[in-house]
Amino acid sequence: MSARIGVVTFPGSLDDRDAARAVRLAGGEPVALWHDDAALAGVDAVFLPGGFSYGDSLRCGAIARFSQVMDTVKAAAAQGMPVLGVCNGFQVLCESHLLPGALVRNAHLRYRNRPARLRVETSRTAWTRLYQPGAEVVFPAKHGEGRYVADEAVLDELEADGRVVFRYLDNPNGSMRDIAGVTNEAGNVVGLMPHPEHAVDELTGPSDDGLGVVASVLAHLTGAADTSGVSR
Amino acid sequence: MSHLNVAVDTVGVADATPDEKQPWAELGLKEDEYQRIREILGRRPTQSELAMYSIMWSEHCSYKSSKVHLRQFGEKNPKTPRLLAGIGENAGVIAIDENIAVTFKVESHNHPSYVEPKQGAATGVGGIIRDIIAMGARPIAVMDSLRFGAIDHPDTARVLPGVVDGVGHYGNCVGLPNIGGETYFDPCYQGNPLVNALSVGVMPRSRLQSMQASGVGNTVILLGAKTGRDGIGGVSVLASATFSESGEDDARPSVQVGDPFTEKLLIEVCLELFDAGLVVGVQDLGGAGLTCALSETAAAGDGGMHVDLELVPLRAKGMEPQDILASESQERMLLIVDPAKAEEVLARSRRWGLLATEIGTVTDTGRLVIDFHGQTVVDVPPKSLADEGPVYHRPIAEPNDLQLIAVDRAETLPRPTSDEEIRQTVLDMAASPNLCDKSWITEQYDSSVFGNTVLGTPHDAGVVRLDETTGVGIAISLDGNGRFARLDPYVGAQLSLAEAYRNVAVTGATPIAISDCLNFGSPEDPHVMWQFERAVTGIADGCQKLDIPVTGGNVSFYNQTGRDAIHPTPVIGVLGVIGDVRRRIPLGLGKTGDTIALIGETREELSGSEWASVKHGHLGGVPPIVDLDHEMKLAELMSRLAETEQLAAAHDLSEGGLAQTLVEAICHSGLGAQILLPEGADPFTYLFSESSGRVLVVIPRGQELAVRTACEQRALPITPLGVTDANTDGLHLRDHFDIGRAELEASWKGRIGAQLGE
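Protein sequences appear in the order of chains U and H. Our numbering numbers the first residue of the first sequence as 1 and each following residue consecutively. Our numbering numbers the first residue of the second sequence as 1 and each following residue consecutively.
Derived from the structure by calculation, the hints contain no laboratory data. All of these numbers come straight from a predicted model, not from anything done at the bench. Glycine included, C-beta positions come from ideal geometry on N, C-alpha and C. Wrong hints could be hidden among the right ones.
Said to hold, decoys possible - Pair ranges (Cβ atoms, derived):
#, chain 1, residue 1, chain 2, residue 2, range
1, H, A397, U, L58, 55 to 63 Å
2, H, E310, U, Q79, 37 to 45 Å
3, H, A157, U, D201, 36 to 44 Å
4, U, R24, H, E272, 18 to 26 Å
5, U, Q79, H, A157, 16 to 24 Å
6, U, D201, H, D738, 36 to 44 Å
7, U, D201, H, R350, 36 to 44 Å
8, H, D738, U, G223, 51 to 59 Å
9, H, D32, U, L58, 36 to 44 Å
Based on the sequences and whatever the hints tell you, model everything.
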């Protein structure tokens, strides 16, 4: 049985179908989850997709944080369930305090869509364990509010703990220390702005580098079953 | 109860006060039109009725000046079993295979985008998306065709960033990839920028929806946003009149404000309702709001309709019935639903957080009756609003300067002669506003959401996968050329048609249908009407020849300020089908050692060209020859070569000629090109002529003979020009000059941002 990966649809989610496709292509079973339903339907991991949940009212991700499903996701994440947030999903994770820092308006003040070259800084997370540390990948980055900011102390701590997961090689938005993605202390929750689910084949994306993100969590889940522990 | 205290102009009041003075002229109606309304009703119209007739009989809604010419499309359209719904529907529907159909349409939002660039452009995108939903399809992509005044004019710095922000914000938030389009600059669009948006959607053929309000007793449901005061008078005042020269008229309240988040919910709710079989009829609310949706659904149905207007959810206080009827508040749809299923419709809408309200019932009275707090404010035959508006045979006159322009040929202008001058011209042209890299604009658009975009900007056409299993997909290109149409509207329109057709073919797809957006000056000017008639005839004749139907489109008149009209600018969207998107032909140069060749014939055709415009500010002469037989053979060849996978890359030649095509292929591919012009060819003419019907192809090693034979079998001239070479830095034009990649890119890239101060 392949692992079941839940993909949450909030009103205004846009990349939910694409996240489900990436799960399928990597060999997982996508399961649709609904924002207003606390049930996680027995999934093994959760993917919060990109989009404009609740119309980005107030702040990106600020309303989604209070949704029914996020209450359950927060509780499950605390128990070690792997959770990935991409773009708006990353914003939701920061607003939910599952990840430190915040995503603010791009330094150049525009929405910009470009393939982003990234360095995978660590393989010690549930979502990157199949990558070589230091590997270069290309995912599309497309957002208006993607500049990662945090206190210097928080940034220092992230660096010291090896919790910067992805770093931009050509910083497209003014993110502090070129940070594109981070993880929590346990390494099960990862958020990033660029879109691995839009880099699943060379026909429709700039690369197929993104498949490794879902493949990593599938490997992690299999490994977790074997060792009944988090892989780090 | 406050409404009851206001003196509402009811049908009863109208009967009792036949001589009441009414503001028909202020609402844009002519005296004879007002008299006809009185004849239809047998009394004076109420305020609400007057508002409805003024809207529905406006140029924008009634096509009263264009109708007599647009008939040609229907008359000349080739018969094809692919056409499931055509002109007159919200959008044309084309069968792709036995299961899937596609619907697409291009529409203008020119006037609002000048008044309020961001919201004007955003709601243009929103409007065309709702047309696609109304056919039963899931919108899957958008495209935009934009025209602005001179790039260095101060007002362009106001209009362009706003329009791009609007197109991008709306499309990005509603979750549709922008797969291509065009951006042009010309002083003739200074006071009248053109914002044409295209959307395309896909559906199972069985989900095709109807706009008919049929079935007596069925419930009328208004879905989506609340109704406010925005956009009142949008179509009758804004889109159906000329901007005054003083520029003093403040039309901003007439522009609607868009909310793409609500639109996204509308898409999901409508599709869910269609799939569950809960909808009898559906119509989007766009220009003319409820007035248009109610009268069109009632007119298309088999009876009448009764509406209680006070049930419409409002976001502004004190709105009178005529305001509610005229409001162009965005993100609304009208549904006709079996009353037994109404509760489920409301429940499913609620689940998505979308407002849905029962506002009326389908009747068999043959009348559209609208009550407001129990008092009848409208009682009209719906067909008189929707179908029986005025039809004008506007005077037509050939412009007086036509002969003078024709003899003022660009072929006689001074040209660069030395290699150094020609080399500099290549760079200057690459840096010119219409030819330079547009990524400052296109990077503001999402292109990959849905994960089905196979080719997007800057390829010749957008290619989208429809089915992941079979790989079947579509290609679309959107093209216009106002300069050619100014020189000769018939030929100019056909050149745009030919270019869009060729752009689709170049990707390996087979063109199957078109949608058109006809942007012109004032129909009250006989010279403009002449241009319009010629352009429509050109498109209709062209489509007949190419054997692809016109499926619908849009007319935008009054694009003029004072007496200065824009160049006649028909913009053509061509849709093609490709059996397997994995075989699409991209832009580029293939691999090192591949052969670069030119298919088609290069004549000395410089009139109306980008070169004449950039280097001489010149527009005169006659446009290039258009040969649709040749285009058909070329398209068939490209489709065949895609199927047999015998081309590594291809690129259409258009504005800027061969030189620009090479610049783009080199910049896009990262490879160099060694080019040797044919013996005896004049380098300048060969590089900058804009002869139609030409494609640059890149042939993988070992396929040269097969491709040459395929061309010869179709009597298509093919000329080898050189090879792709990874070791060549940029462009090497043997015996003439070299231009390194760095210098090419420095000219071509970054121009738009630099011009806007970034």
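Hint-by-hint comparison with the structure:
no. : hint                         : in the structure
1   : H/A397 to U/L58: 55 to 63 Å  : 58 Å, holds
2   : H/E310 to U/Q79: 37 to 45 Å  : 53 Å, violated
3   : H/A157 to U/D201: 36 to 44 Å : 40 Å, holds
4   : U/R24 to H/E272: 18 to 26 Å  : 22 Å, holds
5   : U/Q79 to H/A157: 16 to 24 Å  : 54 Å, violated
6   : U/D201 to H/D738: 36 to 44 Å : 38 Å, holds
7   : U/D201 to H/R350: 36 to 44 Å : 38 Å, holds
8   : H/D738 to U/G223: 51 to 59 Å : 57 Å, holds
9   : H/D32 to U/L58: 36 to 44 Å   : 54 Å, violated
Violated hints, listed in ascending order, are 2, 5 and 9; each of the other numbered hints is respected by the structure.
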